[in-house]
Amino acid sequence: MNSKPASFDDFLSEISASLKEDSGEGSLRRINTERVLKLVLDDIVEQRHDVQIRVLNDHRISGDIGADILMQIDDYDIRLEILDTADDSCRLSKDQMTRFKEIFEENPSTETLILTWTTNDLKSIQLTLSLIDQMTLGQLDSVTLDNIDSVISSNSDVFDFTQKTRSLVEVINEILESRIKVWGKILAVPQEKGRTTTDIRMLFKGHFQTCLEEERSRSFKLEERKAAAVTLSEKEATELLNGILDKALTGEESEIMAKRLSQLPKRGGK
Amino acid sequence: MPNVGFPLDAYVIFDNNAIVGICEFCCSAYKDRPFSETVAVACHDIEEILNAVKRFSIQNKVFTTPCIMEEFKPENGELANYRGFHICHCDVLKANIRNQFDCLDINMRSIDRIRQMAQTPKRFGENLSGISDQDLSLLILALGIAGKLNERVYILTDEEKLRGFTSWGKTRPEIREVCDHPEKVEALHSMAYLDSVHRHCAITTDQIYKMFSYRSLQQMTRTMLSGTSMGEMITETYSGIYQMINDSSKIKREIAGVVV
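These protein sequences, in sequence, are chains E and A. Residue 0 is where the first sequence starts when you use numbering that gives the first Met the number 0, and the numbers rise one by one after that. Residue 0 is where the second sequence starts when you use numbering that gives the first Met the number 0, and the numbers rise one by one after that.
Each hint should be verified, as a subset may be incorrect.
[Unchecked claim] Below are the BS3-like pairs computed for lysine-lysine, each with C-alpha atoms no more than 27 Å apart in a straight line:
| hint | chain 1 | residue 1 | chain 2 | residue 2 |
| --- | --- | --- | --- | --- |
| 1 | A | LYS209 | E | LYS19 |
| 2 | A | LYS60 | A | LYS72 |
| 3 | E | LYS246 | E | LYS204 |
| 4 | A | LYS53 | A | LYS209 |
| 5 | E | LYS19 | A | LYS249 |
| 6 | E | LYS258 | E | LYS234 |
| 7 | E | LYS93 | E | LYS163 |
| 8 | A | LYS160 | A | LYS121 |
| 9 | A | LYS160 | E | LYS19 |
Simulated from the structure, these hints should not be mistaken for lab results.
With these hints in hand, go ahead and build the complete structure from the sequences.
See below:
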């Protein structure tokens, strides 16, 4: 059941705008954006029955290290930050990138950070941690990215996304769809007898390996977290998850498998 | 450069709840006096607050619509609980308020046109059933002024749906068809606007603190009576307001170089 963003409902945009923006005009732009954003998110929550979504004021949950809005979706989070623009251009500075990186590092469940500019049509882009790293390190020339191509020159201090933005609804729906697609692909494997198990295993192995690599290469602010990610025992985790996959393929009930998964020791624990 | 608040050079349109808010606050300061005296002194204070707004508004006027003026019935609110309450004194208050405002008539058929807008967010209900005709009359008046004069127009309203609809509606093509400059229309919570007036030193910090305190208390009482569990959110919202006033006071000190 999707919950309406009650805590965000009566939020007086005027207050946050007045506290966050440096100018009266900027405050007005932010107010309008927050209100329209709230309506857009309301409608998304209302329409999406395939995922559980909660919309919250992130600063209430995460304090200063949060973004403006937190969307808790099934088992992952999307955070959303509002950025002011007076002329419809959508630019980011390296300083802003550093702050966005902190949001990821301090809130590890963040799948994506959506940046929405204060334009009438809520121009937005999505940022991931690896993308921020590539941009700030100036490595983009050698990387092909689906969503921002080659907008950023390696030595630039300001990144211009004006031509690469899309509407907020489009960006959010794309994220939601991309998360569902992984499982959709697995379910779409041909149901030929005798081969089904093998194909699913191969797909699973591939995805699991990617996840492990992403976790290891992820940047963390705390060294302990980084060490835990690097020393994560691949063998143990693989054995456990393969065991659960076996059970799943033999028709074991999902509740029982969920219990087994929840018995995993916490990262870094014994 | 500190944020001195919203730009105040604009036409200002008042919703009923904003008028009632100011009236009830001003009366509450004298609630221990006989009702006739309460009203008499409060009228003076109300005029002062409205004059502070008029100091910055274009043409030095504040506007509303006739149907909002009709809706203004202080006898149905807090005042009915006052010692020695009598309707004839409320009439004095009403007459005083009417004198403060310029009532501009609108074409009520425009309301139906707005209600027929396509793809309105569900929050506002089917055909905007969640927003009253009176509220929509304010938006129509604001669009009329903005379209004709190409000047900024503020609607001061405590009704969240009207504020939300104004922000959403002004980006829609249907509105652009009837108004050349819908982007000039802004809907603001009355207290947020008054804080901007405060930042420009037309309202004292003491007065705005008292006003916020009164409104906070009222809001919390109402919430508790309705039995909802929004107390935490309201507390947080109002702590935000206090922070805003503190910022305003600081800005005033920086600008004026004096203790306010």
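Comparing the hints with the structure gives:
no.	hint	result
1	LYS209(A) / LYS19(E)	holds (24 Å)
2	LYS60(A) / LYS72(A)	holds (22 Å)
3	LYS246(E) / LYS204(E)	holds (16 Å)
4	LYS53(A) / LYS209(A)	holds (21 Å)
5	LYS19(E) / LYS249(A)	holds (15 Å)
6	LYS258(E) / LYS234(E)	holds (21 Å)
7	LYS93(E) / LYS163(E)	holds (18 Å)
8	LYS160(A) / LYS121(A)	holds (11 Å)
9	LYS160(A) / LYS19(E)	holds (23 Å)
Every hint, counting from the list given before, is met by this structure.
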